[in-house]
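Order-wise, the sequence lines are chains G and H. Position in the first sequence (first residue = 1) + 64 = my numbering. Position in the second sequence (first residue = 1) + 64 = my numbering.
Hints should not be assumed to be uniformly reliable.
The list cannot tell twin chains apart, which means a pair is met if one copy fits it or any two copies do.
[Said to hold, decoys possible] Under the rule of at most 27 Å between Cα atoms (straight-line distance), these lysine-lysine pairs were calculated in the DSSO-like manner:
#: 1; residue 1: K243; residue 2: K146
#: 2; residue 1: K146; residue 2: K160
#: 3; residue 1: K313; residue 2: K80
#: 4; residue 1: K350; residue 2: K334
#: 5; residue 1: K415; residue 2: K116
#: 6; residue 1: K313; residue 2: K450
#: 7; residue 1: K383; residue 2: K243
#: 8; residue 1: K80; residue 2: K146
#: 9; residue 1: K73; residue 2: K184
#: 10; residue 1: K98; residue 2: K160
#: 11; residue 1: K383; residue 2: K191
#: 12; residue 1: K184; residue 2: K80
#: 13; residue 1: K460; residue 2: K160
#: 14; residue 1: K184; residue 2: K211
#: 15; residue 1: K146; residue 2: K271
#: 16; residue 1: K160; residue 2: K383
These are calculated hints, taken from the structure and not from any lab test. Predicted model, so just to flag it, every value in this text is computed and none were measured.
There are 2 protein chains.
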Amino acid sequence: MRQSQLFTKTRREDPKDELAHNAKLLIRAGFVNKELAGVYSWLPLGLRTVNKLIAIIREEMNALGGVELSLSALQNRDLWQKSGRWDDQVFDAWFKTTLFSGGETGLAPTHEEALTSLMKDHLNSYKDLPIYAYQFQTKFRNELRAKSGLLRGREFLMKDLYSFNDSQAGLDDFYDQVKGAYERIYERVGLGDSTYITFAAGGSFSKYSHEYQTLSEAGEDTIFVSQDKRLAVNKEVLTEETLSELGLKREDLKESRSIEVGNIFKLGTKFSDALGLFFTDQNGQKQPVLMGSYGIGVSRLVGVVAEVLADERGLVWPKSVAPFPAHLIWVPGQGEASAEAADRLYQELTKAGHETLYDDRPLPAGEKFADADLLGLPYRVVVSDKTLAVGKLELKNRSTGETLMVSQAELTSLCFGE
Amino acid sequence: MRQSQLFTKTRREDPKDELAHNAKLLIRAGFVNKELAGVYSWLPLGLRTVNKLIAIIREEMNALGGVELSLSALQNRDLWQKSGRWDDQVFDAWFKTTLFSGGETGLAPTHEEALTSLMKDHLNSYKDLPIYAYQFQTKFRNELRAKSGLLRGREFLMKDLYSFNDSQAGLDDFYDQVKGAYERIYERVGLGDSTYITFAAGGSFSKYSHEYQTLSEAGEDTIFVSQDKRLAVNKEVLTEETLSELGLKREDLKESRSIEVGNIFKLGTKFSDALGLFFTDQNGQKQPVLMGSYGIGVSRLVGVVAEVLADERGLVWPKSVAPFPAHLIWVPGQGEASAEAADRLYQELTKAGHETLYDDRPLPAGEKFADADLLGLPYRVVVSDKTLAVGKLELKNRSTGETLMVSQAELTSLCFGE
């Protein structure tokens, strides 16, 4: 994409009404627009990153046998009354609204009720199980405070996967498979090293749930990390009993601030009992379906990558989720030579299917380099009179700062290879 | 996809609480689930159709120079107060809700206000123009009656494109380009013959807007069609003046019921004036930006294709938007031969990247064929003892009913060729 056609402009100054580092950077770089506290629109670069993230997660969900669907935002109150979660005392972050035709509806903060209920039309027998269904869907939560940018939104994008099994063994097995998928996802988006599976409070059907927590001072959670075992314990369940069960010693754990980037939970029969989701087993007996739910905050994850990987000059995207892997910069010089060379390179890359952001704007080099640093694409490629003179391209790695003079073939391999 | 893994089940009976033909069929075929009147969730097959439709529209929007973004659902009340459309007397289909932190917000029924406002941060000079920005985003409208299934949703998916130009000539030219793109879209989704560009009421900046109307008895609109000129006039502007301006005679026009499947509108400076979106022209003068808006109801279009193309046996999808181009049906017979042959064919098609729905369920042929007719995929491919005996595959065209015995190479070319 030519930057002259990308309408977003960068800002040198932090937005006045924003406290969170991730949102400041994403707004300055033109990835998002703030509509209200905790409500952001995706501008073209931000949307590209969201879509890259979705593609990675979708691949992992499909590999688990997940089937994709998309549930509505407006919710049927009756279902939430059956589960007991319509009450504002029970669930305190509802956006509720009135139907002009009579009655109330609410904006989905999560989708257990809706999905459990619709499964009743599609699931009768043990032969229909297991079912794994997931979606990428907007959730709404009426947060009293929303000062953490994309880390805590009032409107945010989530991947939520739900499992339906006919046995505890089936649920347990799938739950373990999801752990593997989640590890791969955090690894693939560049947060593998800083993200820990974390024991957290469970419910009536399981002693613990598991969170995935990324270390960050911007986080709202406190966890206790075992580096050796690559796991952590949420402060809320840090008891002698937990430590002994997990074979941990308090003195080996390091207290850290962290951001929850995922949560997996064995629901058991909580929702199937409440909403009447039963199957007939091999003996002809009716049984409630065993369920699990598995979430990843997609928009939050964009915020976390921004927050955790950025440096003092701006955003730093891993190649996997960068809006473009490479930022081609034309540096205006004497005559037309550099412009022609940059144009030609852009066209060749585009023709080869290599998506590139091309800064074709007639601006001073310093301004373009500052923009490139702020946008944070993995590789900066410079075409200037100087690079033309030596018959090479200048390639700079945004993350390491390393600069190389390379041939076009080397460029292609480094920026667009696997 | 193996049908044994697709969790949705078909229904023989119409749902009791649904009046609209499109929704009855889509529910029976397991494409959607009804959550509330006018609120539907997308089940896996329906979501696949939505995504095919999105891909077609996205291609046409990108060809126009459109840049994709995604605006929030929760709206900033201040902006709508500036445009005068927050008032329920002015816009009568708001879903409004309260922020626990204080104040009100509403669910976006459209996005002119939000986009016009955010452009103020990105647009200063005539050099920044034109800008064409579009999105696929959920809209919410608090309809008093929502009895038309997917044709009139309280929550629905729209493609909305907005143009920003520095001159009337630029706006006019882009507006004409959009007409071409819209014609291609309706043609590509199988509604080309039954869809007419229709003159409708304009606003303060243009005498007419244009709707795209698809002929259907299920429609809520009344239009007057000129077959010769391939255009129509909405009843609301059918005056002597209109007829004379368009060179039409009343007696040549045929009155028809129709469904609005798109709307394009020159907004002029209505929103840029109200929200203060100005640019500096070549003479250094501040001018309001000229805008246009261009909508297509994506979920409605799924409903229209379902409603208009279906027959008495079920849905009939054009190849372009079918969840899968082909429905491979294994007919259980003597021994394992047919199952093995069907499995092998499915694996070969999948390996070649040909996405196929594979009915691998051990059910009687009649039940499978009835399901296939209801789902309405373009080609039904049968593997049975009978087809094995003649060394061919049975291929049936869902739309024409034509049945052929074909080789695997012919099957691939017919079902998956261009």
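Quiz item: With identical chains treated as interchangeable, where does the CA-CA distance between K350 and K334 reach 27 Å or less: within a copy, between copies, both, or neither?
Solution: within (16 Å within a copy, 62 Å between copies)
Quiz item: How would you classify K146 and K160 at a CA-CA limit of 27 Å: within, between, both, or neither?
Solution: both (17 Å within a copy, 25 Å between copies)
Self-check item: Homo-oligomer pair classification [K80, K184; C-alpha up to 27 Å]
Solution: For K184 and K80, the Cα distance is within 27 Å only across copies (16 Å; inside one copy 50 Å).
Quiz item: Is it within a copy, between copies, both, or neither that the alpha carbon of K243 lies no farther than 27 Å from that of K146?
Solution: neither (31 Å within a copy, 49 Å between copies)
Quiz item: Between the shortest in-copy and the shortest cross-copy C-alpha distance, which are at most 27 Å for K383 and K243: within, between, both, or neither?
Solution: Within one copy only: 23 Å inside a chain, 38 Å across chains, cut-off 27 Å.
Quiz prompt | Within, between, both or neither, where K313 and K80 count as close if Cα-Cα is 27 Å or less | solution = Answer is neither; intra-copy 45 Å and inter-copy 60 Å both fail.
Quiz prompt | K80 and K146: within-copy, between-copy, both or neither at 27 Å Cα | solution = The answer is between: 22 Å across copies meets 27 Å, while 44 Å in one copy does not.
Exercise. Could you place K98 and K160 in one of the four classes (within, between, both, neither) given a Cα distance threshold of 27 Å?
Key: This pair counts as both: shortest intra-copy Cα distance 22 Å, inter-copy 19 Å.
Quiz prompt | Alpha-carbon proximity between K73 and K184, which holds within one copy, between copies, both or neither at 27 Å | solution = Between. Shortest inter-copy distance 10 Å satisfies the 27 Å Cα cut-off; intra-copy 50 Å does not.
Quiz item: Is it within, between, both, or neither for K184 and K211, if the alpha carbons may be no more than 27 Å apart?
Solution: So K184 and K211 pass the 27 Å test across copies only (24 Å; inside, 40 Å).
Quiz item: Is it within a copy, between copies, both, or neither that the alpha carbon of K415 lies no farther than 27 Å from that of K116?
Solution: Both, since 21 Å and 24 Å are each at most 27 Å.
Practice problem: With 27 Å as the alpha-carbon cut-off, assign the pair K383 and K191 to within, between, both or neither. | Solution: neither (42 Å within a copy, 32 Å between copies)
Hints 1, 3, 6, 11, 13 and 16 from the earlier list are contradicted by this structure; the remaining hints agree with it.
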